[in-house]
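**Q** In order, the protein sequences belong to chains A and B. Just add 15 to wherever you are in the first sequence, counting from 1, and you've got this note's numbering. Just add 15 to wherever you are in the second sequence, counting from 1, and you've got this note's numbering.
Don't take each hint at face value.
Pairs count within a copy or across copies, as identical chains cannot be separated in the list.
What the hints assert, rightly or not - Once the Cα atoms are required to be at most 27 Å apart in a straight line, the calculated BS3-like pairs of lysine-lysine come out as: (1) Lys-183 to Lys-262; (2) Lys-212 to Lys-96; (3) Lys-183 to Lys-267; (4) Lys-267 to Lys-179; (5) Lys-183 to Lys-53; (6) Lys-267 to Lys-96; (7) Lys-109 to Lys-28; (8) Lys-267 to Lys-176; (9) Lys-176 to Lys-39.
To be clear, the hints were calculated from the coordinates, so they are not data collected in a lab.
Spelled out, the chains give:
Protein chains: 2
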Amino acid sequence: MALLGAIEGGGTKFVVAVCDEDMKIVDRQSIPTEDGQKTMDAVIAYFDQYEDIKAIGIAMFGPIDINPESRTYGRVLDTPKRGWSGYDVLGRMKAWRDLPYFWTTDVNGAAWAEYKTGAIEPDHSLVYLTVGTGVGAGIINRGELLSGYGHPEAGHLMMQKHPKDTYKGHCPFHQDRCLEGLAAGPAMAERWGKTAKDLSDDDIAWEIEADYLAQAAVDFTVTLRPDKIIFGGGVPHREILLPLVRKAFSEKFSNYLATPDLDDYIVPVSTGDNAGILGCFYLAQSKLEKIS
Amino acid sequence: MALLGAIEGGGTKFVVAVCDEDMKIVDRQSIPTEDGQKTMDAVIAYFDQYEDIKAIGIAMFGPIDINPESRTYGRVLDTPKRGWSGYDVLGRMKAWRDLPYFWTTDVNGAAWAEYKTGAIEPDHSLVYLTVGTGVGAGIINRGELLSGYGHPEAGHLMMQKHPKDTYKGHCPFHQDRCLEGLAAGPAMAERWGKTAKDLSDDDIAWEIEADYLAQAAVDFTVTLRPDKIIFGGGVPHREILLPLVRKAFSEKFSNYLATPDLDDYIVPVSTGDNAGILGCFYLAQSKLEKIS
Ligand SMILES: Nc1ncnc2c1ncn2[C@@H]1O[C@H](COP(=O)(O)OP(=O)(O)O)[C@@H](O)[C@H]1O
Ligand SMILES: Nc1ncnc2c1ncn2[C@@H]1O[C@H](COP(=O)(O)OP(=O)(O)O)[C@@H](O)[C@H]1O
Ligand SMILES: [Zn+2]
Ligand SMILES: [Zn+2]
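With the hints as extra help, turn the sequences into a complete structure.
**A** Next comes the structure, spelled out in C-alpha cells:
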C-alpha cells in the first residue's frame, strides 16, 4: 500500500504519522522533543516501520532555512532551543531515504491544510495566523505558499501600542514594538499575572488583545488582500476573541477597501487539532504532484 | 513596424507612448488629467495614429478593480477624483480595439519596470514603495505581481506613532494611524508648515519620516521577505532620507532575520522618471508572451 508521511515538528513534541492514498490516517505517534539528533533518531525509527512511503511532508518550528538557493537549506536556523541550532533536518531525512520531501514551517503546514480542505477557492489567498506561545503566519498567495528570502515571520509586525497598555513587551528583539511581544500567550501571562486561559471573558485584556490582532489583520489586508484571515493556536480558543477582533478591525480599517464579509473573513481554524498532520500529508501529496 | 503601447494614468497627467520591439520609445505625449470621458477621448485619439499596436500596458492611479472575477473589473473604484468613480477604462479601450491589455496600478507598473530592468534576480521578490502625494506599494512575489481580493494598498499599513510626533494625521480613513496619514508629502507639509521639498536636511522631520518608512520596511520584511525594498516618488528624492531609513530599520528590526545587506536592500528607484512608461511597455510585452 502506498503511503504518505507527516512530520509535525513542534517545540514540545513531534507528531509523526502515515496515511493512505485517500488521506486516511493509518498510524500516528507523538515523540517528546529533545535535541535534534535524538529527536530525529526517534522520527527515523518510526518511519523505518514502513517500506512503501512515497513522500513526506515536514512542517517544522521556525526559524528554518527554506530557501533552496541557500547553503543552509534544510537546516534549523539560530534558535534558543537546545541542540537544534544548525541541525540539518532535511539532510538527515534524505540520508535515510532519498524520497520527495516537502520542507516548510509549522504555520505553513497548517495554512496548507486549511487551503486544501476548502477554506478558500483554489488559487486564491489566505493568511493563517497562530497565536499561542509564539505568533506566526503561514501565507498562501494564489494557491502557493509565500516565501522569499526566507519564510514569513509575521509575528513580528510593528504595532501601535494600545493607549491603555503599559506592558513592557515580551519579544527579545522588539520588546513592546511587535505583535508577538504584545499579544502572544506569554506576553498576556506576564502582563496580567495569569495565563490567557485563566483570564475572564470581561477582562480588559481581551479588548487589548483584539486591538493588536486587528492591527495585524489590517496590515495583511492592505499588503496581501487575502480572501480569509484564519486564526489558530491556543489563545483564539477563547470564543469572545474573534468577534472583538472583527469589531476592532472594522473601526481601524474604516471600510477603506472591499473585503469579504467580516464573519467570513476573520475566522477560526477549521481543521482543528489535526491541522498540522493533515497539512503535512497534503504537502507530501503536492510534492508528488509537482514531480510527476 | 510592430509597436507596444503605454498608458500611465496619473492624477495630474496621463502619459501615453509607443515603443518598438526593442523597447525603444518611438513617441510619447502628456495629456492633462480631466474627467474619465475626456481624458480617455484624448488617449484614444493618440493611439488612433498607430495602426500596428500589438498590446498596451495600462498603469493607472488607484483604487481600480483588477480582479478578473469581479463585475467591475477594469473600472476605477470610488475615488474623490471628479468624473472617474466607476469609469470603465479597460472597457473603453477594448471597445476601441480588441487588443491584449495589461491592466494594473501605477505602482505595479513601476515595480514591474524595476523588476524587468534587473533590480532582482528573475523569480525573486521586491516591494516598490512610492512616497509622494500618496503612499502606495507594488509588490512582486516570485516574479509575479501580487494581488488577491484586489491590489495592495500598503500605504495604509498601521503605524506606531513616533514619540516626538504630535501631528493629527492626514488620512481621511485612518487619520494618524496609517503610513500615508503620517508620511505622505501632504502630511509632512501640514505637520511642518512647509513642503517636504522645502524642509532643511537637519530638520527633525526627516528622523520622523524615516521612522515611519522603516516601520513599513520591517512589516514588508516579516511578511513578504523580499530581496529588495525600492523607494520611489518625490519625497525620497531627498538624499539623506534612505540612509536614515536604513538606520531606523536596523534599530527597529534588531537583525531578527537575515536580509540582504541594507545598502542593497533599502534602495532608491533606478529606472527614474521613465519608470512608469517603461513598466507599461514591459507589462504589454508580458501580456503578449502569456498569450503566445
Ligand atoms: N480557552 C483559552 N482561552 C484563552 N487562552 C487560551 C485558551 N486555551 C489556551 N490558551 C492559551 O494559549 C496558549 C498556548 O497556545 P498553544 O497554541 O496551545 O501553544 P503552542 O504555541 O506552544 O503550541 C497559552 O498562552 C494559553 O494560555
Ligand atoms: N528633493 C525633495 N526632497 C524632499 N521632498 C521632495 C523633493 N522633491 C519633491 N518632494 C516632495 O514630493 C512630493 C511630491 O511627490 P511626487 O511623487 O512627485 O508626486 P505625485 O505622488 O503627485 O506623483 C511633494 O510632497 C514634494 O514636497
Ligand atoms: Zn518581535
Ligand atoms: Zn490610511
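**Q** All hints are to be evaluated individually against the structure, with a verdict given for each.
**A** Here's how the hints hold up against the structure:
1. Lys-183 to Lys-262: both (26 Å within a copy, 23 Å between copies)
2. Lys-212 to Lys-96: within (25 Å within a copy, 50 Å between copies)
3. Lys-183 to Lys-267: both (23 Å within a copy, 15 Å between copies)
4. Lys-267 to Lys-179: Answer is both; intra-copy 16 Å and inter-copy 23 Å each pass.
5. Lys-183 to Lys-53: neither (37 Å within a copy, 57 Å between copies)
6. Lys-267 to Lys-96: between (37 Å within a copy, 24 Å between copies)
7. Lys-109 to Lys-28: within (22 Å within a copy, 58 Å between copies)
8. Lys-267 to Lys-176: both (13 Å within a copy, 15 Å between copies)
9. Lys-176 to Lys-39: This pair counts as neither: shortest intra-copy Cα distance 45 Å, inter-copy 51 Å.
Hints 5 and 9, counting from the list given before, are not met by this structure.
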